[in-house]
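J.: Chain by chain, the residues:
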Amino acid sequence: MTKPTTLKRKGLQKLDLLLLVIESLDINGSESMLVVSRQIGIQGTFPHRVALWHSRCYNPLRRSTRRGKPSQADTEALIKLLCAMVERLYPIIRQLLSSKEPPQINKSRWNILNCRLKELIQDRMNTNLVIVQRLIDPQNIEELTKKLVVSLAFSTGKGGEKRLRESLNDPIFIF
Amino acid sequence: MLKQTISYNQASAKLQVEGLPDNSSGHTEQTIGIISSFKLQLLGAPDLEGKKEHLVSLMSVLLPYARHLISGTSSSFISPSSPISINPLNGRHQLILRSSKPDIKPLELILDHAELSDLIRCLDDLRTDPRVKIQWELSNNIRFRRIDIPLVRPVSKNLIAPLIAALTLSLSTFLLLMIQIPNPEESTDIRSQDRSLLNK
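Listed in order, the protein sequences are those of chains A and B.
Numbers 2 to 176, taken from this note's numbering, label the letters of the first sequence in order.
Numbers 3 to 202, taken from this note's numbering, label the letters of the second sequence in order.
Here chain A stands alone, though its shape is the one from the complex (with noise of 0.2 Å):
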């Protein structure tokens, strides 16, 4: 049996940002959440895009952020839904991270991914920030993306979920 997980803010900040990675991975990532929300049966907690917006909003680097913590059931249900969505796209994160893939090819796809994520934050972070903006600087970006997919990596599979809950707990956050 888990442990019902409250995350500080160092979590709460990294997971809204493998959520995001997601969305640059699948273009139609807000939708395909709601989809496999109902699938996984936490419909209950995300009824529609809004509350999933609302529980995502909890992290401090949102533009549109809210004050206090979500329920442990959030949380749990955005961890859940979040291994289910990396259990989904694992055949395009795994062709991303192997080296037998034509490398021009490759590097293009992660020139496409930095955009879509670099793009996402400016839109949903507050780019006042100083923690965003190292976030998007040129010379960080790339290398943020490729930590947050190769977590995602490993974020799958029937060990995932504990790994990914744990990590979620950890004093810093490395970026």
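Rather than coming from a laboratory, the hints here were simulated on the basis of the structure.
We treat Cβ as the ideally placed atom computed from N, Cα and C, and that holds for glycine.
A hint or two may mislead.
[Claimed, not checked] To be clear about the criterion: a stretch of chain A counts as covered by chain B if any three or more of its residues have a C-beta under 8 Å from a C-beta of chain B, and this derived list gives those stretches:
1) 98 to 108
2) 146 to 152
3) 166 to 172
Given the coordinates of chain A, work out where chain B should sit on it, guided by the hints.
T.: Below, chain B without anything else, positioned relative to chain A:
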């Protein structure tokens, strides 16, 4: 009693486990309670075979390593009896397997993130498979403390802000101390002298 074989497949890894049900523990015939051997096939690498101890060593090295990777850090891991170790190597992972037999060179495998992730998925599938009734002696709870995670930003950069703050505070304190405040006793003396002069 029939030997059971269970395999776990991923794109670049295939793990096959052979064993028998442990009748003394009341296992059914479709389960494995005693692992007799395992075979690991990795794409582009020779097949690896071994016993349960080797599998446990592999898990005890790879699972904490994956836990570090998910947190964005990477460090080397060596199994307690030292036959297996893994190190980060230029964005890839160097897995070294040492044979227990003498005069056999250690086998070195270089895995990329995708291959390592496939292997971890195979090991996770095995660990959580209800058909395999084995208590894996692995440390489950890996929680990092602040000290466990190497700082990504250099210490010098982290110290700039507090140093500037301390300097500003000490400078402003020094400047404030330099301002001469008139002594209230002296000022009252001067006033009384003025009054006495006026009276004269």
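J.: Are the hints correct? Go through all of them and say.
T.: Here's how the hints hold up against the structure:
1. For the region 98 to 108 of chain A, the stated coverage by chain B holds: 4 residues have a C-beta nearer than 8 Å to a C-beta of that chain, and at least 3 were required.
2. Figure legend: the region 146 to 152 of chain A, annotated as covered by chain B; annotation consistent (3 residues with Cβ-Cβ distances under 8 Å, at least 3 required).
3. Here the region 166 to 172 of chain A counts 5 residues with a CB under 8 Å from a CB of chain B, which clears the bar of 3, and the coverage holds.
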